[in-house]
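K.L.:
Protein sequences appear in the order of chains A, B, C and D.
When we follow numbering that gives the first Met the number 0, the leftmost residue of the first sequence carries the number 0, and every step to the right adds one.
When we follow numbering that gives the first Met the number 0, the leftmost residue of the second sequence carries the number 0, and every step to the right adds one.
When we follow numbering that gives the first Met the number 0, the leftmost residue of the third sequence carries the number 0, and every step to the right adds one.
When we follow numbering that gives the first Met the number 0, the leftmost residue of the fourth sequence carries the number 0, and every step to the right adds one.
Hints may be right or wrong, so weigh each one.
[Said to hold, decoys possible] Within a straight-line C-alpha distance of at most 16 Å, the following computed EDC-like cross-link-like pairs (lysine to aspartate or glutamate) qualify:
| no. | chain 1 | residue 1 | chain 2 | residue 2 |
| --- | --- | --- | --- | --- |
| 1 | A | K77 | C | E225 |
| 2 | D | K221 | B | E148 |
| 3 | C | K227 | A | E54 |
| 4 | D | K1 | B | E30 |
| 5 | D | K1 | B | E276 |
| 6 | D | K223 | B | D199 |
| 7 | A | K158 | A | D121 |
| 8 | A | K84 | A | E119 |
| 9 | A | K286 | A | E248 |
| 10 | C | K69 | A | E276 |
| 11 | B | K156 | B | D121 |
| 12 | C | K1 | A | D36 |
| 13 | D | K69 | B | E63 |
| 14 | C | K120 | C | E97 |
| 15 | C | K221 | C | D244 |
| 16 | B | K156 | B | E107 |
| 17 | D | K94 | D | E66 |
| 18 | B | K288 | A | D199 |
| 19 | C | K1 | A | E276 |
| 20 | B | K92 | B | E30 |
| 21 | C | K1 | A | E30 |
| 22 | A | K204 | B | E248 |
| 23 | C | K69 | D | D39 |
| 24 | D | K227 | B | E54 |
| 25 | A | K288 | B | D199 |
| 26 | B | K77 | D | E225 |
| 27 | C | K221 | A | E63 |
| 28 | A | K301 | B | D199 |
| 29 | B | K15 | B | D36 |
| 30 | C | K223 | A | E54 |
| 31 | D | K227 | D | D195 |
| 32 | D | K69 | C | D39 |
| 33 | B | K204 | A | E248 |
Because the hints were derived from the structure by calculation, they are not lab data.
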Amino acid sequence: MNDIDLTVSIAGVTLKNPIVTASGTVGNGWEISRYYDLSELGAVCVKSITLNPREGNRPPRIAETPSGILNSVGLQNKGLDFFLKNDLNNLRKFDTKIIANISGGTIEENCEIAGRLGNEVDLIELNVSCPNVKQGGIAFGTNPAMVKEITQRVKDKCKVPLIVKLSPNVTDITETAKAARQGGADALSLINTLIGMKIDVNTAKPVLANNIGGLSGPAIRPIAVRMVWQVACCTDLPIIGMGGIISGEDAAEFIIAGATAVAVGSANIVNPAAGLEIKNQLTDYLKRKGIQSVSKLRGTVKIN
Amino acid sequence: MNDIDLTVSIAGVTLKNPIVTASGTVGNGWEISRYYDLSELGAVCVKSITLNPREGNRPPRIAETPSGILNSVGLQNKGLDFFLKNDLNNLRKFDTKIIANISGGTIEENCEIAGRLGNEVDLIELNVSCPNVKQGGIAFGTNPAMVKEITQRVKDKCKVPLIVKLSPNVTDITETAKAARQGGADALSLINTLIGMKIDVNTAKPVLANNIGGLSGPAIRPIAVRMVWQVACCTDLPIIGMGGIISGEDAAEFIIAGATAVAVGSANIVNPAAGLEIKNQLTDYLKRKGIQSVSKLRGTVKIN
Amino acid sequence: MKNICKIIKKTQLCKEVFDFEVEFSHRPLPGQFIHVLCGDGVFLRRPISICDYNEGILRFSFAVRGEGTKRLANHNEGDMLDILGPLGRGFDTGKSGEGTAVVVGGGIGIFPLYFLSKRIKTEAILGFRTKDAVIMEDDFKSVCSAVHIATDDGSYGFHGLVTDVLQGRLEKADVTSVYACGPMPMMKEIKRITEDMGIFCQLSLEQRMGCGIGACSVCVCKSKGEYKKVCQNGPVFNAREVDFDE
Amino acid sequence: MKNICKIIKKTQLCKEVFDFEVEFSHRPLPGQFIHVLCGDGVFLRRPISICDYNEGILRFSFAVRGEGTKRLANHNEGDMLDILGPLGRGFDTGKSGEGTAVVVGGGIGIFPLYFLSKRIKTEAILGFRTKDAVIMEDDFKSVCSAVHIATDDGSYGFHGLVTDVLQGRLEKADVTSVYACGPMPMMKEIKRITEDMGIFCQLSLEQRMGCGIGACSVCVCKSKGEYKKVCQNGPVFNAREVDFDE
Ligand SMILES: Cc1cc2nc3c(=O)[nH]c(=O)nc-3n(C[C@H](O)[C@H](O)[C@H](O)COP(=O)(O)OP(=O)(O)OC[C@H]3O[C@@H](n4cnc5c(N)ncnc54)[C@H](O)[C@@H]3O)c2cc1C
Ligand SMILES: Cc1cc2nc3c(=O)[nH]c(=O)nc-3n(C[C@H](O)[C@H](O)[C@H](O)COP(=O)(O)OP(=O)(O)OC[C@H]3O[C@@H](n4cnc5c(N)ncnc54)[C@H](O)[C@@H]3O)c2cc1C
Ligand SMILES: Cc1cc2nc3c(=O)[nH]c(=O)nc-3n(C[C@H](O)[C@H](O)[C@H](O)COP(=O)(O)O)c2cc1C
Ligand SMILES: Cc1cc2nc3c(=O)[nH]c(=O)nc-3n(C[C@H](O)[C@H](O)[C@H](O)COP(=O)(O)O)c2cc1C
Ligand code: FES
Ligand code: FES
Chain A
0 MNDIDLTVSI AGVTLKNPIV TASGTVGNGW EISRYYDLSE LGAVCVKSIT
50 LNPREGNRPP RIAETPSGIL NSVGLQNKGL DFFLKNDLNN LRKFDTKIIA
100 NISGGTIEEN CEIAGRLGNE VDLIELNVSC PNVKQGGIAF GTNPAMVKEI
150 TQRVKDKCKV PLIVKLSPNV TDITETAKAA RQGGADALSL INTLIGMKID
200 VNTAKPVLAN NIGGLSGPAI RPIAVRMVWQ VACCTDLPII GMGGIISGED
250 AAEFIIAGAT AVAVGSANIV NPAAGLEIKN QLTDYLKRKG IQSVSKLRGT
300 VKIN
Chain B
0 MNDIDLTVSI AGVTLKNPIV TASGTVGNGW EISRYYDLSE LGAVCVKSIT
50 LNPREGNRPP RIAETPSGIL NSVGLQNKGL DFFLKNDLNN LRKFDTKIIA
100 NISGGTIEEN CEIAGRLGNE VDLIELNVSC PNVKQGGIAF GTNPAMVKEI
150 TQRVKDKCKV PLIVKLSPNV TDITETAKAA RQGGADALSL INTLIGMKID
200 VNTAKPVLAN NIGGLSGPAI RPIAVRMVWQ VACCTDLPII GMGGIISGED
250 AAEFIIAGAT AVAVGSANIV NPAAGLEIKN QLTDYLKRKG IQSVSKLRGT
300 VKIN
Chain C
0 MKNICKIIKK TQLCKEVFDF EVEFSHRPLP GQFIHVLCGD GVFLRRPISI
50 CDYNEGILRF SFAVRGEGTK RLANHNEGDM LDILGPLGRG FDTGKSGEGT
100 AVVVGGGIGI FPLYFLSKRI KTEAILGFRT KDAVIMEDDF KSVCSAVHIA
150 TDDGSYGFHG LVTDVLQGRL EKADVTSVYA CGPMPMMKEI KRITEDMGIF
200 CQLSLEQRMG CGIGACSVCV CKSKGEYKKV CQNGPVFNAR EVDFDE
Chain D
0 MKNICKIIKK TQLCKEVFDF EVEFSHRPLP GQFIHVLCGD GVFLRRPISI
50 CDYNEGILRF SFAVRGEGTK RLANHNEGDM LDILGPLGRG FDTGKSGEGT
100 AVVVGGGIGI FPLYFLSKRI KTEAILGFRT KDAVIMEDDF KSVCSAVHIA
150 TDDGSYGFHG LVTDVLQGRL EKADVTSVYA CGPMPMMKEI KRITEDMGIF
200 CQLSLEQRMG CGIGACSVCV CKSKGEYKKV CQNGPVFNAR EVDFDE
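Given the sequences, and given the hints that come with them, work out the whole structure.
P.N.:
So this is what it looks like as structure tokens:
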């Protein structure tokens with residue numbers, strides 16, 4: 000596998016390969032590191048961090064839908080201090096980049112988290128798109144003016160490059176993408192989950208205690224690929240593409256559409272070794288196609 | 000089955016049961032009528048009609064995605080005259096209601112079609128949400144002000160109740176729903192397809208010749224159920240719910256979420272007898288639950 | 000760990016309950032579970048308790064409930080299954096040395112208790128809907144000093160709830176530990192009873208799961224005022240620490 | 000019509016081609032196709048040509064290409080398949096009475112031609128990638144007056160394209176009709192050749208399908224300047240009426 004160049008660069012940070020974990024699907028790395036060496040990944044993106052610990056939403060928090068998952072975790076996490084003191088040290092043991100996904104309830108909270116992260120991590124991903132919390136989250140993420148403002152103010156506090164994670168629950172994702180760029184984002188990641196609902200017809204109750212949740216998994220892949228392609232067409236920022244990637248060929252599809260790197264989310268939930276397997280499958284794909292460097296694949300879509 | 004009351008009313012038009020065909024998935028009824036008697040259905044909604052014949056997009060026009068279909072038919076149809084002269088007479092042979100789905104490229108075109116349909120059909124469904132055509136279609140459907148205006152002007156020409164079919168490719172579907180209501184819509188139908196894309200990683204070419212297409216099928220069901228519920232919460236108009244219904248329990252899920260009737264789309268493409276089978280399964284469900292009348296099920300979702 | 004395991008035996012215990020034996024090389028503890036891929040068209044894994052383990056052969060039993068267990072039940076001897084496990088924290092058997100232990104199971108909750116009963120001296124109280132649903136009675140009889148069966152409709156054994164049987168059994172005052180698995184109302188009642196009487200009690204809880212390994216935070220239950228992950232901090236919890244009123 | 004059909008015979012013709020015989024009660028015509036549900040996890044049906052029909056037994060053969068045909072190939076004798084059909088318009092054999100008919104097939108395009116060859120007097124020209132992919136030679140030999148095989152790499156039979164063989168064969172001037180099925184470039188060339196020589200020619204076209212019954216309008220090809228549905232107006236079209244340059 001050594002003859003193929005898998006390195007990619009996101010805003011000046013070099014990832015040894017384009018495979019990243021999607022926030023919220025591998026915790027903070029402790030658990031899946033029992034299944035494979037996290038040094039195999041381009042980067043690990045941790046579960047959304049808030050300033051103070053959050054207990055998250057009531058269970059049930061997950062439902063299966065056709066080729067997808069609905070979740071309503073609601074940003075359960077132990078807060079910034081715990082992350083800095085515990086998770087971070089563990090992650091540093093691996094030879095991989097660390098992306099801190101931050102999800103403050105207010106602009107100020109996000110600024111404070113970004114400031115205190117300093118350059119303890121390699122990249123910061125600002126989540127303006129979580130559908131599972133009342134304040135913050137999606138309210139920011141669907142309004143281009145808000146996206147621009149929050150990006151600007153958080154960027155100001157960032158010592159490392161800032162990735163803005165976009166919501167797919169919008170009429171035109173190129174609007175929020177451009178707003179993030181204007182606000183000074185160094186990279187974009189997309190897509191977060193689509194808002195969905197499932198009702199148990201035996202009880203007439205929504206399966207999720209939170210009633211609605213975020214839809215992820217292969218079901219949403221065509222929407223994600225379309226949005227990555229649209230955003231790649233309208234901006235020169237590097238993109239971390241995600242949404243339903245479960246194989247190396249899926250990863251290739253996003254890169255062909257214009258993504259620089261890709262994140263694996265729901266696949267980890269089905270198979271803890273998904274990240275590693277997808278990396279190997281992508282390498283096989285590149286070999287089969289005779290492509291020497293993964294960056295040569297980027298944006299090669301041949302529009303009809 | 001006779002002891003269960005399946006009748007529902009959409010804006011004063013009584014359907015013998017809540018099962019409707021979704022526009023574009025059963026042509027104009029000719030073909031599936033070889034598989035079962037269309038009189039079994041509450042209503043047949045025909046393929047989108049334009050004033051003049053349209054040839055549609057280049058093939059390939061379909062791709063399979065996880066639990067879904069991407070299509071880019073692009074409103075191929077033989078035009079209003081052909082519909083009035085041929086399809087309509089055939090449909091009249093069946094004891095079912097006829098919904099004419101109209102999809103003019105301009106407001107004027109839609110007005111003319113609505114006017115000329117007169118009361119030859121039972122209901123008119125205005126498609127402001129087709130993702131597969133350049134002008135018209137989705138451009139109308141994502142802008143609340145435009146939705147209100149087109150609804151108003153088309154309603155003015157309608158001799159029969161007007162259903163407005165909403166696009167899911169919006170930030171907030173309650174905005175377009177309310178706009179349609181303000182414009183005078185008598186009922187709403189949702190959802191049309193979500194815009195998606197699939198790239199063949201062997202050729203790097205989008206599978207659809209049109210590059211993008213509309214995503215339908217079970218994959219989108221959680222999004223559709225959520226939107227039907229949201230719209231049912233914000234308006235008193237009857238709703239025809241659709242998006243990934245492939246069983247009687249799926250139909251029940253939409254009715255519990257607030258739909259008065261439901262439309263079956265992609266399921267017809269997999270199984271020409273889907274409409275009939277789903278009707279029978281819904282009846283079985285109602286029996287099992289001891290619900291005497293399907294209208295008692297409507298909007299019974301118990302929010303957590 | 001992820002394992003591709005061969006099914007070496009499939010039996011049907013009653014109308015909707017199947018029993019599989021698979022080749023499995025990791026030695027599990029009573030109370031642990033496996034997380035199983037059910038087949039094409041089912042996306043998430045399904046958690047199933049380990050019912051028994053013996054020299055490389057793992058046994059699990061499950062009721063057909065929805066799409067996942069239906070697909071799983073379609074497998075036959077010789078087929079391969081993708082299984083993650085053993086997962087979770089099992090029963091704490093240290094506390095059960097002194098007096099008599101009682102396992103209390105309701106419906107599909109009985110399965111992890113069989114594996115446990117093979118390891119400690121115990122009596123079993125097992126509840127079922129009706130006579131036709133009574134399963135594994137002989138299995139439990141071969142490893143327990145006494146087996147009490149209750150059915151909801153009285154068609155077999157005691158007519159009533161396992162908690163009624165338990166309450167009666169506890170009157171003898173020789174029981175020092177209770178291990179239970181079953182529906183929520185039963186577990187709640189057992190927590191109340193054992194707490195009132197000051198008896199050590201562990202409950203094996205159920206919650207809808209994603210990853211099964213503690214990574215996705217979906218499978219929580221309230222324990223001492225905090226959300227704990229059932230797949231990682233459980234599925235077995237000390238009854239005292241479970242907050243049911245959430 | 001929708002049919003639940005039992006697989007009574009499964010054979011493997013070469014590395015990636017399988018051959019199924021199923022119970023089927025509707026009598027089809029050569030050139031018609033069936034539309035098959037491939038199994039859990041595959042949403043749409045897959046169109047497959049009818050390769051033969053005999054007293055209630057329908058034969059079809061297919062190459063494993065993607066997820067659908069892979070799942071289909073996993074079925075075994077005794078399994079049931081959900082099949083829609085027979086569908087579409089078959090070959091027009093009225094025109095082939097007078098002179099010699101030639102069927103020209105490339106790869107998986109040979110299958111519908113076998114059924115046709117059983118009905119009319121014909122010679123066959125069959126093209127394959129390489130020697131290992133050559134299949135059904137004996138089948139065709141048993142029903143055709145001559146069988147010409149061509150391989151792309153020359154490892155078996157004529158080294159070159161079926162269209163080269165056809166061109167040579169047409170020089171004799173006794174051929175009055177050509178029926179072809181195969182990849183687009185081959186079909187295009189055959190249209191050109193037969194048009195130039197004024198020979199009646201029918202082509203069986205492929206297009207990605209949805210419903211297979213003419214209801215969804217996805218499977219179109221250009222014919223006389225208009226989009227026609229391959230599943231309903233075809234799959235067999237008169238070569239003269241097909242517009243390839245779209
Ligand atoms: C730790 C643990 C051990 C278990 N052990 C056993 C066992 O030994 N035998 C047995 O028959 N069952 C057991 N269950 C319950 C079993 O997991 C469910 O019956 C099964 O997941 C239902 O899946 P389904 O697709 O058939 O049903 P569906 O209702 O269609 O499932 C839909 C979704 O809900 C989840 N779900 C449904 N019911 C439950 C439940 N009771 N607990 C957790 N998730 C659920 C499914 O996993 C799936 O994600 C156990 C559950 C847990 C958490
Ligand atoms: C009328 C007709 C008759 C056919 N007869 C045969 C036959 O006898 N034997 C045989 O091996 N193949 C035949 N084919 C081709 C066969 O349908 C495809 O190989 C098959 O659909 C591929 O499905 P897949 O899931 O394995 O591949 P994938 O490429 O994964 O399929 C993805 C999608 O593309 C469609 N698709 C892919 N290739 C084709 C194709 N060539 N034509 C139409 N749709 C395609 C599939 O139906 C599916 O919707 C026929 C096609 C048509 C239209
Ligand atoms: C269980 C679960 C938890 C998630 N938690 C977060 C989160 O905390 N922060 C975030 O930005 N995204 C979160 N996501 C969204 C994913 O990072 C990703 O954007 C989305 O799932 C789409 O990718 P996928 O289809 O590969 O899962 C979560 C997704 C899942 C399934
Ligand atoms: C092949 C195909 C063609 C369609 N054509 C139309 C159309 O002409 N007009 C329209 O309003 N909707 C059209 N739709 C959308 C459906 O009517 C329906 O809104 C959508 O498919 C969601 O329902 P489903 O998931 O049950 O298919 C089409 C859908 C499909 C799959
Ligand atoms: S199921 Fe993922 S943390 Fe328990
Ligand atoms: S496949 Fe639907 S019209 Fe041909």
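K.L.:
Next, verify each hint and record whether it holds.
P.N.:
Hints and how they fare:
no.	hint	verdict
1	K77(A) to E225(C)	11 Å, holds
2	K221(D) to E148(B)	38 Å, violated
3	K227(C) to E54(A)	10 Å, holds
4	K1(D) to E30(B)	13 Å, holds
5	K1(D) to E276(B)	13 Å, holds
6	K223(D) to D199(B)	30 Å, violated
7	K158(A) to D121(A)	9 Å, holds
8	K84(A) to E119(A)	11 Å, holds
9	K286(A) to E248(A)	12 Å, holds
10	K69(C) to E276(A)	28 Å, violated
11	K156(B) to D121(B)	14 Å, holds
12	K1(C) to D36(A)	15 Å, holds
13	K69(D) to E63(B)	15 Å, holds
14	K120(C) to E97(C)	10 Å, holds
15	K221(C) to D244(C)	9 Å, holds
16	K156(B) to E107(B)	10 Å, holds
17	K94(D) to E66(D)	39 Å, violated
18	K288(B) to D199(A)	13 Å, holds
19	K1(C) to E276(A)	13 Å, holds
20	K92(B) to E30(B)	14 Å, holds
21	K1(C) to E30(A)	13 Å, holds
22	K204(A) to E248(B)	14 Å, holds
23	K69(C) to D39(D)	12 Å, holds
24	K227(D) to E54(B)	10 Å, holds
25	K288(A) to D199(B)	13 Å, holds
26	K77(B) to E225(D)	11 Å, holds
27	K221(C) to E63(A)	23 Å, violated
28	K301(A) to D199(B)	10 Å, holds
29	K15(B) to D36(B)	14 Å, holds
30	K223(C) to E54(A)	13 Å, holds
31	K227(D) to D195(D)	24 Å, violated
32	K69(D) to D39(C)	12 Å, holds
33	K204(B) to E248(A)	14 Å, holds
Violation of the numbered hints given earlier is confined to hints 2, 6, 10, 17, 27 and 31; the remaining hints are satisfied by the structure.
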